[in-house]
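Spelled out, the chains give:
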Amino acid sequence: MKKTSILDVISRKLSPFILLFGFYLVTYGHLSPGGGFQGGVVIASGIVLLLLCQGTERVQKLFPLTAVSFTEAVGFLAFLLMGFFGILLGRGFLSNFLPIGTPGEVPSAGFILILNIVIGLKVGAGITLICFYLLKEED
Amino acid sequence: MPEGSIVLFVIVPLAGSFFTLLEKIWPDRRITKPAVVLVFFSCLLFLLFYAKPIFQGEEYRIVLGNWGGPIGIIQAMDGLAWVGLLFVYVVTFFALIFAFSDKTYDSSFYFFSLILTSGMAGVILAADLFNLFVCLEIVGISAYILIAYAKKERAILASFKYLLLSSLGISVFLLGIFGIYRNTGSLLFSGMAEYFSSPAGSARETPMILAALIAGLGVRTAFIPFHTWLPEAHSQAPHPVSALLSGVVIKVTFIAVWRLAVTSGSMEVRVFLLWSGTITALVGVFWALMQKEIKVLLAWHSVSQMGYIIAGFGAGTLLSISGSLFHMLNHALFKSLLFLSLGMVIILTGEYSLKRIRGLGRKHPLLALVFAFGALSIAGIPPLNGFVSKKLIMVGLKEHPVAYWSLWITSIGTLASFTKLSALFWKKQEKMSLSHLAPLEEADLQENSAEEVSQNSGMEKTGLNRVAAFFPLVVLSIFCLITGVFGRQIFEMIHVLIFRQSPSRVFNPWTMENLWETIIVVFLGVFSYFLVTSRRGEVFQGKIRSLRLSLDWTLLFLLAGFIFLGLTVFLLPRS
Amino acid sequence: MIRIYLILILFLLGVFGIVLCRNLIKKVIALNIINSALIILFIYLGSLSGKDAPILLDQTGIIVDPVPQALMLTAIVVGICVTALALSLVYKLYKAYGTLDIQEIEKKAREHA
Chain A
1277 MKKTSILDVI SRKLSPFILL FGFYLVTYGH LSPGGGFQGG VVIASGIVLL
1327 LLCQGTERVQ KLFPLTAVSF TEAVGFLAFL LMGFFGILLG RGFLSNFLPI
1377 GTPGEVPSAG FILILNIVIG LKVGAGITLI CFYLLKEED
Chain B
4 MPEGSIVLFV IVPLAGSFFT LLEKIWPDRR ITKPAVVLVF FSCLLFLLFY
54 AKPIFQGEEY RIVLGNWGGP IGIIQAMDGL AWVGLLFVYV VTFFALIFAF
104 SDKTYDSSFY FFSLILTSGM AGVILAADLF NLFVCLEIVG ISAYILIAYA
154 KKERAILASF KYLLLSSLGI SVFLLGIFGI YRNTGSLLFS GMAEYFSSPA
204 GSARETPMIL AALIAGLGVR TAFIPFHTWL PEAHSQAPHP VSALLSGVVI
254 KVTFIAVWRL AVTSGSMEVR VFLLWSGTIT ALVGVFWALM QKEIKVLLAW
304 HSVSQMGYII AGFGAGTLLS ISGSLFHMLN HALFKSLLFL SLGMVIILTG
354 EYSLKRIRGL GRKHPLLALV FAFGALSIAG IPPLNGFVSK KLIMVGLKEH
404 PVAYWSLWIT SIGTLASFTK LSALFWKKQE KMSLSHLAPL EEADLQENSA
454 EEVSQNSGME KTGLNRVAAF FPLVVLSIFC LITGVFGRQI FEMIHVLIFR
504 QSPSRVFNPW TMENLWETII VVFLGVFSYF LVTSRRGEVF QGKIRSLRLS
554 LDWTLLFLLA GFIFLGLTVF LLPRS
Chain C
10 MIRIYLILIL FLLGVFGIVL CRNLIKKVIA LNIINSALII LFIYLGSLSG
60 KDAPILLDQT GIIVDPVPQA LMLTAIVVGI CVTALALSLV YKLYKAYGTL
110 DIQEIEKKAR EHA
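Chains as they are written, first to last, in this note's numbering: chain A, 1277 to 1415; chain B, 4 to 578; chain C, 10 to 122.
Only chain A is shown next, with the shape it has when bound in the complex (with noise of 0.2 Å):
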């Protein structure tokens, strides 16, 4: 894509912006409109924006795609990881074991904080590896 000063310098200036935004949505879904798989997508549109405007091999100095395929990978074991817990203290897969705080608070309703964090860090870089792959130049 051609590569013309305006994207240049918006793409650098905007995206640590949204990439902020997404982490805000995944980190307070459960205390406003949001979540693991919105901030997910809000994350990825993030890199994707540099992906666009700066070119692959720039964009692979800061996030490079070994590390985002470990990122995803690693976040769907976790989620299981978590399911499984509940399990192994006795109740159904999935059930909530960590204590609910005061609600309204950050780190309340039990794990529901964790469990958002792992998806929104497993979307985000999911759907950047399928851009990745669908934006990089055939060799």
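There may be inaccurate statements among the hints.
What the hints assert, rightly or not - Derived DSSO-like pairs (lysine-lysine); straight-line CA-CA distance at most 30 Å:
1) K154(B) x K60(C)
2) K546(B) x K366(B)
3) K154(B) x K358(B)
4) K358(B) x K117(C)
Don't read these hints as lab results, they were simulated from the structure.
The hints should help you fit chains B and C onto chain A, whose structure is shown.
Frame of chain A; chains B and C shown alone:
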């Protein structure tokens, strides 16, 4: 067996797919093939454990994760699900063994096939609407990927068309779920049954909801008018995938339609299915007769045989419903046998068209034999299995004379077109280069591959393992024979499984009357074959073949089908 | 009632887009519009029973029905997977045939066979 373990039918293939992925990390350890074999052996073993209680009429339910209630996730297994799981696992197992023979299928192929299997098990065992939706989409996405696996351009186009039409269908299915949720607040099949039988369930919009659900599933099952994606998708896919798609994927969606129709208890659905099935059977066999590419011909036959199954279910009598399930089992067996043997033909000769392959019977007698088993089964010749199930359906349809005679004509057409197809094997070769037909060994295959075969078949030949390729063909033909010979006993078992009682009348398919009917069908079939392959017939065939629909017209046809269905349901007088 | 009509118009726009557009990417976008119309329909149904977000900071509050929202999250995820697959298929078709126009692709496919 603990009650909750029916979820293992879905989980074990998923776990197996995880193991096939490990081969990507350790490419030297051959994990995939033993993992696949282990998965299917253990699933079939589980199925055998459940055989005795299911035959005695028990049902199993599991509420996943204790999230019960009106919006829970429930899986239930009864007799219908048992038979469905049986043919899904058996046919998928043999199709994958056929895929073992070709080294171009790497571990990601088996990964997607195992996910397809677990999705299909999920659809069969689903007892609530949203679980059904998710598993249908899992089956769909794996099917799109597997069709496009061959990386031929026409395969990718076929997969894209299937994707568009199928997504439209699922959107209509979601509309149906919307209607159900709005009126009942529950998504379980049991909640649906209560709603349909209550007085509120005879309002104006109930038939529309049911029509939306059935039409949405109908796109995947391919009855008229939703069938347009099937010939391309099933013919362009790689050979084991065609066998899987025609053999099991379309039937699994029909099992979901079956459950919906039974839960709603509505007569109009059955009448619609009866008529739709009859028209499907006729149209399918008509277009099948006109084709000259062998896999497209078989794919149109899939449409036509599904018409038998749907009409059998729609007729509503005990005999025809059992016949419909029996025909599902038989069709899974013989259709996958046919697709796999034609796949062998294409691999060995590199040609797709009927006119260019001749005289294979002399060079590959075993292939001709297994193909003969498949062709005789689908044409309904005793003592193979197609005969018993077709007779069951037709006897059950005796009260609907139009449907009865239409299915008769379909049998004649099926026989004619399989005579035409088997010309591959017995017609003498015309002036062709003999290198196509020389007896092939593995070394020869690698040499021939570069010049003729690689263009047409699109997969690089790295050696063909003939034992692995022929073993499923032989075993499937033996199964066809066994289910045919013991047809009466199997019919009784199926009757017990569905209706939980033994059949009241003994059904004996081996009567002189049935035999005479079959002989008449054979004569008329061969006569029609000569009609169709005459001079005038060939011209007519060419004209019909050129009426192929493009994607836009396909979509318009589909939408016209939805609108037509919606209007008929809307304007029908309430009974 | 006007809202249901608007959602219906959105759905019909998507359907017309799939049938009438010749560009493959426009067809995929139209499929997304259909999915979005259905999702809005479900959530609209859920919103009929209340007004607040279903986060019970205090135990009172007339909340929207959270069930359709949960169902629609699943539908959104499935829609995204199908869209991603459709786009990669379109990309492969583009590389194979050199054009994104469906009628030209079919013409080339027919000649090739």
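Hints, one by one, checked against the model:
1. K154(B) x K60(C): Since the Cα atoms of K154(B) and K60(C) sit roughly 50 Å apart, the hinted pair is violated (cutoff 30 Å).
2. K546(B) x K366(B): Roughly 34 Å between the alpha carbons, so the hint for K546(B) and K366(B) is violated.
3. K154(B) x K358(B): With Cα atoms ~25 Å apart, K154(B) and K358(B) stay inside 30 Å; holds.
4. K358(B) x K117(C): holds, 23 Å
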